[in-house]
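Could you put together the complete structure from these sequences and hints?
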Amino acid sequence: MVGRIPVMDVAPLVDLGRQPAKATVDEPFPVTATVFREGHDRLGAEAVLVAPDGTRRPPVRMVPASEEPGEYVAWVTPDAPGAWGFEVQAWSDPLATWEHDAGLKIPAGVDVELMFTEGALLFERVAAEVTDPADRASLASAVEACRDTERPVPARLAATQDAALLDVLRRHPLREMLTTEGPFPAYADRRRALYGSWYEFFPRSEGATYDEATGAVVPGTLRTAVAGLERARAMGFDVVYLPPIHPIGEVNRKGPNNTLTPGPTDPGSPWAIGSKDGGHDAIHPDLGDFDDFDAFVARAGELGLEVALDLALQCAPDHPWVTSHPEWFTTRADGTIAYAENPPKKYQDIYPLNFDNDPTGICREVLRTVRLWMSHGVRIFRVDNPHTKPVAFWEWLLKEVRRTDPDVLFLAEAFTKPAMMRGLGAVGFQQSYTYFTWRTAKWEIEDYLRELARETDDRMRPNFFVNTPDILHGFLQYGGPAAFKIRAALAATSAPSWGVYAGYELFEHVAVKPGSEEYLDSEKYQVRVRDWEGAEAEGRTLAPYLTRLNEVRRAHPALQLLRNVVIHHSDDENVLVFSKSTRLPTEPAGPEDDTVIVVVNLDPHATRETTVHLDMGALGLEWHDGFAVTDEITGETYSWGEHNYVRLDPGHEPAHVLSVRRTA
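For what it's worth, UniProt numbering labels the leading residue of the sequence shown as 1, then goes sequentially.
Think of the hints as simulated: they come from the structure by calculation, not from any bench.
These figures come from a predicted structure and were not determined experimentally.
Be careful, since some hints might not be right.
Said to hold, decoys possible - No farther apart than 20 angstroms at their CA atoms in a straight line, the calculated lysine to any residue pairs in the SDA-like style are these:
#, residue 1, residue 2
1, 399, 348
2, 345, 615
3, 345, 288
4, 345, 415
5, 346, 387
6, 513, 662
7, 105, 148
8, 442, 593
9, 399, 416
10, 442, 251
11, 346, 262
12, 276, 295
13, 417, 456
14, 276, 325
15, 399, 157
16, 276, 348
17, 345, 261
18, 513, 456
19, 417, 390
20, 345, 446
21, 513, 528
22, 276, 298
23, 417, 366
24, 417, 392
25, 276, 326
26, 442, 475
27, 399, 40
28, 417, 341
29, 105, 157
30, 105, 13
31, 345, 276
32, 346, 416
33, 276, 365
34, 513, 477
35, 346, 330
36, 346, 335
37, 417, 372
38, 442, 608
Printed below as a string of structure tokens:
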């Protein structure tokens, strides 16, 4: 039923309000609504957050969201984790109505004394609710002016338009015909759900060496993989992500470069989970045992890192579940169990689960497995191919985990249809992989940043991985070292969460064949021995650049937010310009605002010179303002304004990451 003051089209609403909108502790998010009324009287509207304990936070006044009459917005900020709600309250605003009418009638000599009498009565109503002496004095002066017929009329009107008085009236509005819509659900996750730098590596490659006698590869273990933790921490990463560490199947095991003819010592793919040594609740014996894993997690904690573990719900043909629960798999017409396919790709070493035969049994076993790893310190799971499992299953699992352990986070690795990606986010995944890897043109990146910050932010948090074991984009294959810098700078500054797969800092760029995004000698099928120390000694590493990017991200709160991207313009279609600021769009600029302007040359092969044109209003500045910017990568300082010349040489520095300091 429509209220006395209609409030419609409230957002954010996910799945008609059946799912909570995404929020994060200390992250502002916009509440919008269409609010209107009959006639010409003024109205007011506010957004009110309802905390998990049921208490209400102070209301935030809504302001026009656009030039379209009736569209309002307010930015609200949860300050604790948990299930929040938000309301939109609207009312008839007699003060605003009087201010409007008085500003027209009194100068025109229409109903002058009547208007002053009505004003005095309104100010007295406000005074009855105010306790601050200064506020009461402002209101008393206004009442006195309204009733003092000896003063000139312009002076009396000016007294009712005093800035201090208007501030009091703004903070103490008179609400008539109050209408409330809501509460509507939102859920505030812990900060890591929004912000973090991820580093992925295979434990079996960390500390791997060659046997001096035979030349055979000696794999690393969870104990030697501590070196990967220390390398990640040195580069400023926050999360270390491990591919599956479980026993690897021996039946249909894959060899190097995804061949079907493995040698006797080939380790197979970690995603082909399960063998005689156990399944998802076991550790590959070559890596170690649970004591080793516990020591690994403990060392990560000492270094200030979180460990994310892969949750890959699929099985090798010799997984224990295949024998104990054959009903959990799909049997084909010839009696064989169907292996996984994503045409033209075939995964003969993997059996996908079938959730339709015994969903209750699978659900219980998966939850048991997840809780097992949680008990060993894992609070983040990167979920492999969640789009190949029922969305209803994920909704159930994530709610079960959140019910008891709301700090546990799940990242959806779903490169698939937009509807599925958004749906997985809506039912509870705290983060999502994205199409970022394939967005390389300026217009594509601009559109995608707007989409993620404005259109899907209520249900999907992006994590911009620059590469993965599965994805080596052609831009990196043929762009040289500059391409690696460009993509790292872009990911690290445009998204609050970003990720790197080990080897990126060594510029690994060779594909298995032309037109493929698979790495040659992919680490998915064999152990990779890398000479980290030699690369550092010879300067063949991007590690210092990645380190600096993570330092800048940590120093600038603006880069830790999602919804604050503003796209600016350049005259070159290969130069992208955007800014991020802690200033809310509804507030004026202040000295405490953190603002960063990023200018990126997207062409790894050529220097670009162009003029950058800034939307000064979006930066909280006037068109004629000047300000100083400091390049956080090089340390150079420039004087900037609305229009600025830039020159970016990809062989030197392909991007400006500019912190803003307003000047007089």
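Hints, verified against the model:
no.	hint	result
1	399 / 348	33 angstroms, violated
2	345 / 615	46 angstroms, violated
3	345 / 288	32 angstroms, violated
4	345 / 415	15 angstroms, holds
5	346 / 387	17 angstroms, holds
6	513 / 662	51 angstroms, violated
7	105 / 148	18 angstroms, holds
8	442 / 593	28 angstroms, violated
9	399 / 416	23 angstroms, violated
10	442 / 251	46 angstroms, violated
11	346 / 262	16 angstroms, holds
12	276 / 295	25 angstroms, violated
13	417 / 456	14 angstroms, holds
14	276 / 325	15 angstroms, holds
15	399 / 157	58 angstroms, violated
16	276 / 348	18 angstroms, holds
17	345 / 261	17 angstroms, holds
18	513 / 456	36 angstroms, violated
19	417 / 390	14 angstroms, holds
20	345 / 446	32 angstroms, violated
21	513 / 528	19 angstroms, holds
22	276 / 298	29 angstroms, violated
23	417 / 366	25 angstroms, violated
24	417 / 392	17 angstroms, holds
25	276 / 326	16 angstroms, holds
26	442 / 475	14 angstroms, holds
27	399 / 40	47 angstroms, violated
28	417 / 341	17 angstroms, holds
29	105 / 157	11 angstroms, holds
30	105 / 13	42 angstroms, violated
31	345 / 276	27 angstroms, violated
32	346 / 416	17 angstroms, holds
33	276 / 365	18 angstroms, holds
34	513 / 477	11 angstroms, holds
35	346 / 330	16 angstroms, holds
36	346 / 335	19 angstroms, holds
37	417 / 372	32 angstroms, violated
38	442 / 608	14 angstroms, holds
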